[in-house]
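One letter stands for each residue in the lines below.
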Amino acid sequence: MKWNWETFFDALPFILPGLGVTVGLTFACYLFALVFGFFWTFLRRIPIRTINWTVTWVMEFIRSTPPLVQLFFIYYAWPMIPGIGVALSPFTSAILGLGIHFSTYIGEIYRSGIESVEKGQWEAAKALNFSTVDKWRKIILPQAIPPTIPMLGNYLIIMFKEVPLASTIGVAGILLMANTYGARNWAYLEPLTIVGIIFLLLSYPSAILINKLEKRMNRRFDKEMAFVKEEVKNA
Amino acid sequence: MEEVAVKKTSEIEEKEDPIVVYKDVHKSFGDIEVLKGINLEIKPAEKLALIGPSGSGKTTIIRLLMTLEEPTSGDIIVNGKNLWKMEKNGKLVRANEHHLRNVRGEIGMVFQHFNLFPHMTILENCTVAPIHVKKESKEKARERAIEMLERVGLKDKLHNYPSQLSGGQKQRVAMARALVMQPKIMLFDEVTSALDPELVGEVLEVIRDIANTGKTAMVLVTHEMDFAKDVADRVLFLDKGVIAEEGTPEEVLQNSKNERLQSFLRRFRG
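Those protein sequence lines, which keep their order, are chains A and B. If you read the first sequence in UniProt numbering, its first letter stands for residue 1, the second for the next number, and so on. If you read the second sequence in UniProt numbering, its first letter stands for residue 1, the second for the next number, and so on.
Hints are computed from structural coordinates only; laboratory data are not their basis. Misleading hints may appear alongside valid ones.
Stated by the list, open to error - Cut-off 27 angstroms, straight-line C-alpha distance, at most; resulting in silico cross-link-like pairs (DSS-like, lysine-lysine): (1) B/Lys81 to A/Lys135; (2) A/Lys126 to B/Lys140; (3) A/Lys135 to B/Lys135.
Here the structure is a predicted model, which is why all the values come from computation and not from measurement.
One chain only, chain A, in its complex shape (with noise of 0.2 angstroms):
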């Protein structure tokens, strides 16, 4: 088999319509994630021992399973359960599949910012007399969640890398219309070759923006650099 460029610039007008259904779909997965990661981290939090010890098994039972065989349960397997099944469109599917799977990681990176939050601050925030949402929207998550931005920044890449996974229950992103391309042409080099690069071009700056972000808000929480910026605004 040899590269054809005449194939290549014939696919790619092909593939690339599948390049929103990726991008939409990794987006939607994501915000789906980060709420539904609160949900996990609140849950978490109540003080009754049963829950917790319930909550924590699902989390763990989620993350222990491959999220493709969760894929395949919510598209196959949910519809057939008597009573409470419901089908739900690939793209829906996916969002659910992946987002829930994803959700238990980011509602890790929460707690884990959560608890960075020093007993201080808690304990400020009683003698002020702040209301239980008062609290978390003014004291405790403004000091929880910048730290972890850059996690989560990751993690959107993780879930762009994740989602090429829909196509086999049918959601047409680049890897689905590549591998219909092949099928029909059989020319899988090229189409495949295109999916590669477009997830690189993608994927590669967006880790390096991620990276520098990582830096700023290193360096925001950076006692010399705040005495630095006042100075240049004094001056």
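Fit chain B to the known structure of chain A by using the hints.
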């Protein structure tokens, strides 16, 4: 003659209803009982100093009042309301957060490690609670916060962040932050212990100022004996979870015969 005198005493007592009452308060952490039956009355505007060796339970006493810890048994009454218990269907049950919030509003606290909010400017540190807890307008909260920060000598630091301040400055901000909430009782938990020696003075000066001008009751957990003598109306010596000695600063710090207290004080005189 005697009748008149009796009447006069009761009048004074009525006027001086205690703002805080501890009734046989016990507190255990696991197997260790750190408070073994505390009975204590604090009068409005009274300045009370708690001294004692570490582990004597002096900090725990004020942490119970600030609701940072829950007593194992006993009652704490704040302004006539039971702090840790509330009435439900005619029975006293464990207080919920709603009840605690109602009673806690009377109390303010300054911590050993300042606990300023690092993501907010000095000014924001002092306005966030008035705005969100007391529902004051932003303008009013700002005005009062600036006033208070001026009083503690930090008007030029309004837009700085806590990380840019010295320990003494941080502690003064922490006091301003507590004072803008206008508490009836202010608690000071070893507020100079984490400071470099040369910064202690400026913080004590502010406390002295609060003590002299305010109608606020103050409870100071402190190792600054000279300061306690100056500011306090009454000094309590805590030892092994009980109040071992109690009286005016002179009585406790100079004339007490309590041996444990004597040896405790000796360590400070060097």
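Subject >> Straight-line alpha-carbon gap A/Lys135 to B/Lys135, limit 27 angstroms >> reply: 15 angstroms, holds
Subject >> Hint consistency between A/Lys126 and B/Lys140 [alpha-carbon to alpha-carbon, up to 27 angstroms] >> reply: Cα-Cα ~23 angstroms, so holds.
**OP:** Compare the distance between the alpha carbons of B/Lys81 and A/Lys135 with 27 angstroms, and conclude whether the hinted pair is satisfied.
**Re:** 24 angstroms, holds
In terms of the numbered hints stated before, the structure departs from none.
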